[in-house]
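> This is what each chain is made of:
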Amino acid sequence: MAFSIKGIHIPHRKNTAGMSAVRMLVPSMVTIPMAMHIGKPAKPIVKVGDSVSVGTMIAEQDGMISSPVYSSVSGTVKGIADIVISNGRRVSAITIESDGEMTPDDTIKAPQINSKEDFIEAVKMSGIVGLGGAGFPTYVKFATDKKIDTLVINGAECEPYITSDSVTMVDRADEILFAIETADKYFNFEKVIIGIEKNKTAAITSMKNIAAKYKKIEVKVLPSVYPQGGEKVLIYNTTGRVVAAGKLPADVGCIVCNSSTMANIARYIKTGMPLVEKIITVDGGAVKEPKNVIAPIGTSLADVFDFCGGFVSEPMKVLYGGPMMGIAVPELSVPVLKQTNAILALNEKETRTAKTTACIRCGKCTNSCPFGINPAAIAKAYKDKDAEMLEKLGADVCMLCGCCSYICPAKRPLAETNSLAKNLLMEERAKKKEVKA
Amino acid sequence: MENKLHVSFSPHIRSNNSTMRTMLDVVIALVPATVAAVILFGLSALLVIAVCVISAVAGEALFNLAIKKEQTVGDLSAVVTGLILALNLPANIPLWQAAVGSLFAIIIVKGIFGGLGKNIVNPAIAARVFMLIAFGSMTKAVFPNGLDSVSGATPLADLANDKSVNLMDLFLGKCGGALGETCAVALLIGGIYLIVRKVITWHIPVAFIGTTFLFTFAVEGGNLETTLAWVLSGGLMLGAIFMATDYVTSPSTAKGKLIFGIGAGVITVLIRFWGGYPEGVSFAILLMNIVNPFIDAKTSRKVFGGKK
Ligand code: SF4
Ligand code: SF4
Chain A
1 MAFSIKGIHI
11 PHRKNTAGMS
21 AVRMLVPSMV
31 TIPMAMHIGK
41 PAKPIVKVGD
51 SVSVGTMIAE
61 QDGMISSPVY
71 SSVSGTVKGI
81 ADIVISNGRR
91 VSAITIESDG
101 EMTPDDTIKA
111 PQINSKEDFI
121 EAVKMSGIVG
131 LGGAGFPTYV
141 KFATDKKIDT
151 LVINGAECEP
161 YITSDSVTMV
171 DRADEILFAI
181 ETADKYFNFE
191 KVIIGIEKNK
201 TAAITSMKNI
211 AAKYKKIEVK
221 VLPSVYPQGG
231 EKVLIYNTTG
241 RVVAAGKLPA
251 DVGCIVCNSS
261 TMANIARYIK
271 TGMPLVEKII
281 TVDGGAVKEP
291 KNVIAPIGTS
301 LADVFDFCGG
311 FVSEPMKVLY
321 GGPMMGIAVP
331 ELSVPVLKQT
341 NAILALNEKE
351 TRTAKTTACI
361 RCGKCTNSCP
371 FGINPAAIAK
381 AYKDKDAEML
391 EKLGADVCML
401 CGCCSYICPA
411 KRPLAETNSL
421 AKNLLMEERA
431 KKKEVKA
Chain B
438 MENKLHVSFS
448 PHIRSNNSTM
458 RTMLDVVIAL
468 VPATVAAVIL
478 FGLSALLVIA
488 VCVISAVAGE
498 ALFNLAIKKE
508 QTVGDLSAVV
518 TGLILALNLP
528 ANIPLWQAAV
538 GSLFAIIIVK
548 GIFGGLGKNI
558 VNPAIAARVF
568 MLIAFGSMTK
578 AVFPNGLDSV
588 SGATPLADLA
598 NDKSVNLMDL
608 FLGKCGGALG
618 ETCAVALLIG
628 GIYLIVRKVI
638 TWHIPVAFIG
648 TTFLFTFAVE
658 GGNLETTLAW
668 VLSGGLMLGA
678 IFMATDYVTS
688 PSTAKGKLIF
698 GIGAGVITVL
708 IRFWGGYPEG
718 VSFAILLMNI
728 VNPFIDAKTS
738 RKVFGGKK
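Going down the list, the sequences are from chains A and B.
Residues 1 to 437 (this note's numbering) make up the first sequence, in order.
Residues 438 to 745 (this note's numbering) make up the second sequence, in order.
By construction, these hints were calculated from the structure, which means they are not laboratory data.
Be aware that one or more of the hints could be misleading.
List of simulated lysine-lysine pairs, DSS-like, C-alpha gap at most 30 Å [to be verified]:
| id | chain 1 | residue 1 | chain 2 | residue 2 |
| --- | --- | --- | --- | --- |
| 1 | A | K422 | B | K505 |
| 2 | A | K432 | A | K355 |
| 3 | B | K635 | A | K6 |
| 4 | B | K635 | A | K380 |
Given only the sequences and the hints, what does the whole structure look like? Please build it.
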């Protein structure tokens, strides 16, 4: 029987829809973390006092899963020190004082690509990582030995407020097409499917235009249901394939890439300019002038908000990413990261929620979970530290999309508990393996 | 930077529903039935309702104080329990009995099991059944103002004795019975409100009432009039819409709800025709409450891409 993926209707609040991205003023200082991806942090290759240009490599990839880091401004390296980013995580970061010139590094040139390996190497050297908190290095997805027949381009953009992907699909359609063509040359996909929620009409038109130019491309218009852009959700809704628990898209023959990731890959392949800036949506009730902004990586959120006219009211919460899955940051001094697609400053009203009460067993959490998980039962099993039960309930399948927490009338922190439960389950699994070994 | 930003786990926005709003919706949905009760039965109805609600709320407040638990009366769930119980009682019930029933529901059925969401059976149902056993049958109910009450029996008793009843009277509530169970139209309005507000889904009420209808129709040998009379009376509407749909004691998924509703319908008819008690509805819901954990476990959603 076909699985029916559920989800929820949430307010869209796409205040910046249709606003082309504007380049912000050059910040006087950027702070670029070495760990904007999962895996090993990059290794700094510059020292204090070095002068750098836009696109100069400042840290190299270290280990199998890692990603190089480039300067996003021209200027002088001022320091290499630990900073605290989200969740109190400390990471090493390079601070560069900008000379205001934005001079590109003159050694930069387009890479030579003649094989699949060259393509993967190029994606690796571009420094591009996936969206979302984790920041999975994009080349790793391409460097698979599994048989891949479908490239799925994620243009769902299901989170409220965020429009940076849609804007990219409209403004950078040619680059997206170029990246698809290049990848297809070496992967020979059967199909390239671009999945877009149906309310993003401008993006749909733009992508249909490129589909008309390249016959493998198919634009799939999807219902506006959160979380349409969840990787497994998108794969199921575009190809009908089920990525089982603990499996990856490659296991069902798919590579999933974000639309802006594709545009950035194209830029690197065409010009050799690595990932040094991002189109980000700046929005939220506390922001004076919501905008789509092109911001150098490493710019402090404070500078970006300033560029958008500052705040109209005290921000209660400032987020990397959307309100459903974004990460709350402790202070405005944290930098724009490679995987940042939006920064939001939410006001009191937007973050308001009723008081937490006991679970009233309404079943709304499980009925709205895209994957049919029962978070209320997971919460109970987690409280009892019952790993076996967590296994049975499929706690590891949870993608932390937050539908359950959103919908819960008792305002239980279900997604949060799920994340703890997942950790517990992983620990117990590791222990079991040890015992067996 | 001394910026004090609030940091917490995602999601950072929440739906604007709440436990209290949900309970408030149930109260609102019960307004038509409550108003109908007061119109039909007069001041005594108002008194019974007031006594039940007040003792439920006071009982919960005092119980929380006694066991040093955080005060929960603000979530309005005690109001709902008190009100539903009241609508299940006849207008002439001694007020002390109403109070005892209400306290039984709140303290014994809900409080001792751990409060909101932890009870095994629906508090109002359990209290009604308890009162039936402790204080005697309520089939000898009072009649609405101005109606001739020669037999002193409810339509159910009449039906059981093969007496005819007027369907329109049943629909509008001009018949004997508990306060809130007589006026079917008021209960239906409340039910539609709950479905529109997404507080409940249609599954349990439709399956429950539908099954009762079909089964009764068969038992009655295809007599539509008596079948309708059975369906419109005896607390079926009140039970199916407001009590069988209690979140805590009914299944979560659509499939589970349908099974629950069908089961309740079958048991209702069995008890009504072969069980001696005309009030099959309360017993049916109570029994289904008890098997609910089993139904719920068997009908839970399958996890996407998970193991069997
Ligand atoms: S949505 Fe909240 S109240 Fe309802 S069952 Fe899930 S945890 Fe309980
Ligand atoms: S956070 Fe997990 S359990 Fe909750 S709705 Fe999303 S996938 Fe389901």
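> Keeping to a limit of 30 Å between CA atoms, is the pair of K432 of chain A and K355 of chain A held or broken?
Outside the cut-off at roughly 39 Å; violated.
> Is K635 of chain B close enough to K380 of chain A, meaning Cα to Cα at most 30 Å?
25 Å, holds
> Going straight from one Cα to the other, do K422 of chain A and K505 of chain B come out at no more than 30 Å?
33 Å, violated
> For K635 of chain B and K6 of chain A, compute the direct alpha-carbon distance and say whether it is at most 30 Å.
16 Å, holds
Checked against the numbered hints given earlier, this structure breaks hints 1 and 2; the rest are met.
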